[in-house]
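Novice: For reference, the chains in residue letters:
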Amino acid sequence: MVAEHTAMGDAGRVADDLARASLALARRFSAGATMWCASPDWPFHAHHVAVEFVHPVIVGKRALPAVTVPPAADMVATLRASVNPGDIVLVLADADDPRVLDTMRRGPAWGVETVWIGAGSHRPAPGAADHVIWVDTDVPLEASELFVRIYHLLWELTHVCFEHPGLLKPEPECTDEVCITCSDEGRPAEVVTVDGDEAVVRTPDGHERIDVSLIDAPAPGDLVLIHAGFAITSS
Amino acid sequence: MPETTDFLYPFIEGDETDSEELLEDLARSAQGKWRQSWKLRQVTLSQHEAQLQATAAAMAERFAAGGRLFTFGNGGSATDAEAVAHLYTQPPAGPADLPAPGAARALPARSLAEDQAVMTALGNDVGFELVFSRQLIAHGRGHDIAMGFSTSGNSDNLMRAFAEARKQGMLTVGIAGTDGGRMAAEGSPVEQCFVVRSDSVHRIQESQAALNSALWAAVQAALAGTR
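Chains as they are written, first to last, in my numbering: chain A, 1 to 235; chain B, 236 to 462.
By construction, these hints were calculated from the structure, which means they are not laboratory data.
Cβ coordinates follow ideal geometry from the N, Cα and C atoms, glycine included.
Check the hints yourself; a few may be wrong.
Restraint-style ranges between C-beta atoms, simulated for each label pair [stated by the list, open to error]:
#1 Asp41(A) / Glu255(B): 33 to 43 Å
#2 Gly358(B) / Ala228(A): 33 to 43 Å
#3 Ala352(B) / Ile215(A): 44 to 54 Å
#4 Glu259(B) / Pro170(A): 18 to 28 Å
#5 Arg270(B) / Gly206(A): 19 to 29 Å
#6 His55(A) / Ala352(B): 14 to 24 Å
#7 Asp360(B) / Arg99(A): 34 to 44 Å
#8 Lys274(B) / Ala228(A): 55 to 65 Å
#9 His374(B) / Asp216(A): 52 to 62 Å
#10 Asp195(A) / Arg263(B): 48 to 58 Å
#11 Arg209(A) / His374(B): 29 to 39 Å
#12 Ala77(A) / Asp414(B): 41 to 51 Å
#13 Arg270(B) / Ala228(A): 46 to 56 Å
#14 Ala398(B) / Asp205(A): 51 to 61 Å
Taking lysine to aspartate or glutamate pairs in the EDC-like style, the calculated list, with each CA pair at most 20 Å apart, reads [stated by the list, open to error]:
#15 Lys169(A) / Asp136(A)
#16 Lys169(A) / Asp253(B)
#17 Lys61(A) / Asp434(B)
#18 Lys61(A) / Glu255(B)
#19 Lys169(A) / Asp434(B)
#20 Lys169(A) / Glu256(B)
Required output: the full structure, derived from the provided sequences and hints.
Specialist: Take a look at the structure:
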């Protein structure tokens with residue numbers, strides 16, 4: 001049974017996080033995103049999220065492209081093969097699930113928006129996903145009930161955002177010649193193939209050939225930060 | 236219960252730029268719905284308290300006699316069927332979930348909506364209204380339990396499955412919404428029908444999730460009492 005203090009105590013914080021995640025989802029969907037839903041331990045939750053978005057319960061609402069990652073599949077391999085830059089990856093899982101941690105840290109290299117829904121006193125580290133929507137309970141049955149409420153509200157709020165087309169336009173792109181955000185920092189990338197001191201890496205902008213002589217020899221699947229054509233650190 | 240998004244009128248011009256105002260409205264709307272969902276849950280559980288105990292006792296008897304639980308539903312309700320089967324077969328370890336000291340018993344349960352080979356074979360060959368009833372013809376025994384989930388209470392393939400289950404002598408349990416529809420109507424093959432009284436599919440499913448947990452806990456308590 002869900003204790004009242006648990007159910008209502010989370011409401012304020014969860015509501016704020018849901019609002020931000022919903023606007024982000026609406027923006028991504030408006031720009032053509034597909035949402036990939038995964039829950040390795042509770043596949044029924046991932047199925048439920050996907051069916052909500054694909055086949056809305058309210059007649060007349062837009063059908064949106066959402067897909068469940070099969071629970072038996074290798075999550076990272078499936079998503080690596082499937083996602084396009086601009087897509088959304090939504091996961092329901094505990095904070096220490098290694099499959100999910102390995103997926104989420106690749107989000108910036110793949111160029112996807114990540115949403116992590118979960119429960120428990122142990123939360124994902126700050127920055128582990130673009131959006132973390134968390135309830136504090138450590139009781140599995142309470143958590144499961146609250147998850148249903150959370151993804152229903154995520155769907156409802158996302159559709160409210162579609163009524164505000166002016167707020168769904170992409171953020172203005174940076175066009176300056178030298179810009180702190182784009183050029184002076186490392187960009188995350190995932191190694192695809194390695195050839196001596198060179199490697200082909202995947203970034204949100206596509207595949208790039210880079211020099212990896214400054215770091216220990218990377219392997220396919222490794223994440224690196226690149227700057228001016230060089231890998232500067234591996235992570 | 237009416238939807239509460241009405242206050243958010245669509246903007247005709249596409250040049251709205253202040254997202255902070257929208258975010259505040261969204262958060263307020265989410266809190267209101269969360270509260271509404273919680274109230275409906277409390278009302279639903281208290282309305283069905285006696286029925287939960289009676290149903291759990293009947294289910295415990297079936298399980299004790301070697302019966303199995305078959306769950307079914309369409310769409311989001313299919314995922315609820317899957318979640319309930321998961322709960323019965325792989326009960327959570329958290330001690331706070333248990334109604335009585337001691338570990339919860341793993342019980343045989345299966346969702347009839349999960350096997351895509353069977354679902355598509357039956358849907359293609361004999362029709363979607365028979366996808367669950369045909370599986371009960373193949374698997375069902377008199378002491379089993381059939382549990383179907385529907386927010387309207389009107390799904391044809393559920394009604395066919397309940398009729399087949401009753402014919403075999405199975406215990407039939409319905410988790411419905413709105414006004415209960417055909418599942419709660421006079422002469423329905425559903426013996427124990429739980430109805431979440433709401434017009435919102437989402438709020439109904441949220442309270443159904445609470446009913447499912449409460450029923451499972453009561454079954455565990457009933458089984459613990461018979462050990």
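Novice: Hint by hint, say whether it matches the structure.
Specialist: Evaluation of the provided hints:
At roughly 36 Å, the beta carbons of Asp41(A) and Glu255(B) sit within the given window of 33 to 43 Å. With their beta carbons about 57 Å apart, Gly358(B) and Ala228(A) fall outside the hinted range of 33 to 43 Å. A beta carbon spacing of about 48 Å between Ala352(B) and Ile215(A) agrees with the range 44 to 54 Å that was offered as a hint. At about 22 Å, the CB distance of Glu259(B) to Pro170(A) agrees with the hint of 18 to 28 Å.
At roughly 47 Å, the beta-carbon separation of Arg270(B) and Gly206(A) lies outside the given 19 to 29 Å, and the hint is violated. Distance hint check for His55(A) and Ala352(B): the Cβ-Cβ separation is about 22 Å, which falls inside the suggested range of 14 to 24 Å. Under the hint 34 to 44 Å, the C-beta atoms of Asp360(B) and Arg99(A), about 37 Å apart, fit the expected range. At roughly 58 Å, the beta-carbon separation of Lys274(B) and Ala228(A) lies within the given 55 to 65 Å, and the hint holds.
Look at His374(B) against Asp216(A): about 57 Å separates their beta carbons, and that is inside 52 to 62 Å. The beta-carbon spacing between Asp195(A) and Arg263(B), approximately 55 Å, falls within the hinted interval of 48 to 58 Å. For the pair Arg209(A) and His374(B), the beta carbons lie near 57 Å from each other, so the given range of 29 to 39 Å is not met. Checked against the hint of 41 to 51 Å, the pair Ala77(A) and Asp414(B) passes, with Cβ atoms roughly 47 Å apart.
Between Arg270(B) and Ala228(A) the C-beta distance comes to about 53 Å, which sits within the given range of 46 to 56 Å. At about 58 Å, the CB distance of Ala398(B) to Asp205(A) agrees with the hint of 51 to 61 Å. Between Lys169(A) and Asp136(A), the direct Cα distance comes to roughly 34 Å. Violation of the 20 Å bound is thereby established for this hinted pair. In summary, the hint linking Lys169(A) to Asp253(B) is supported, as the alpha carbons are separated by about 12 Å, within the 20 Å threshold.
Among the hinted pairs, Lys61(A) with Asp434(B) is consistent with the structure: their alpha-carbon atoms are about 17 Å apart, no more than 20 Å. Only pairs whose Cα atoms come within 20 Å are accepted, and Lys61(A) paired with Glu255(B) is rejected, the gap being roughly 24 Å. Between Lys169(A) and Asp434(B) the CA atoms are separated by roughly 34 Å; this puts the pair beyond 20 Å, and the hint is violated. Annotation: proposed proximity of Lys169(A) to Glu256(B) holds, straight-line Cα distance about 16 Å (limit 20 Å).
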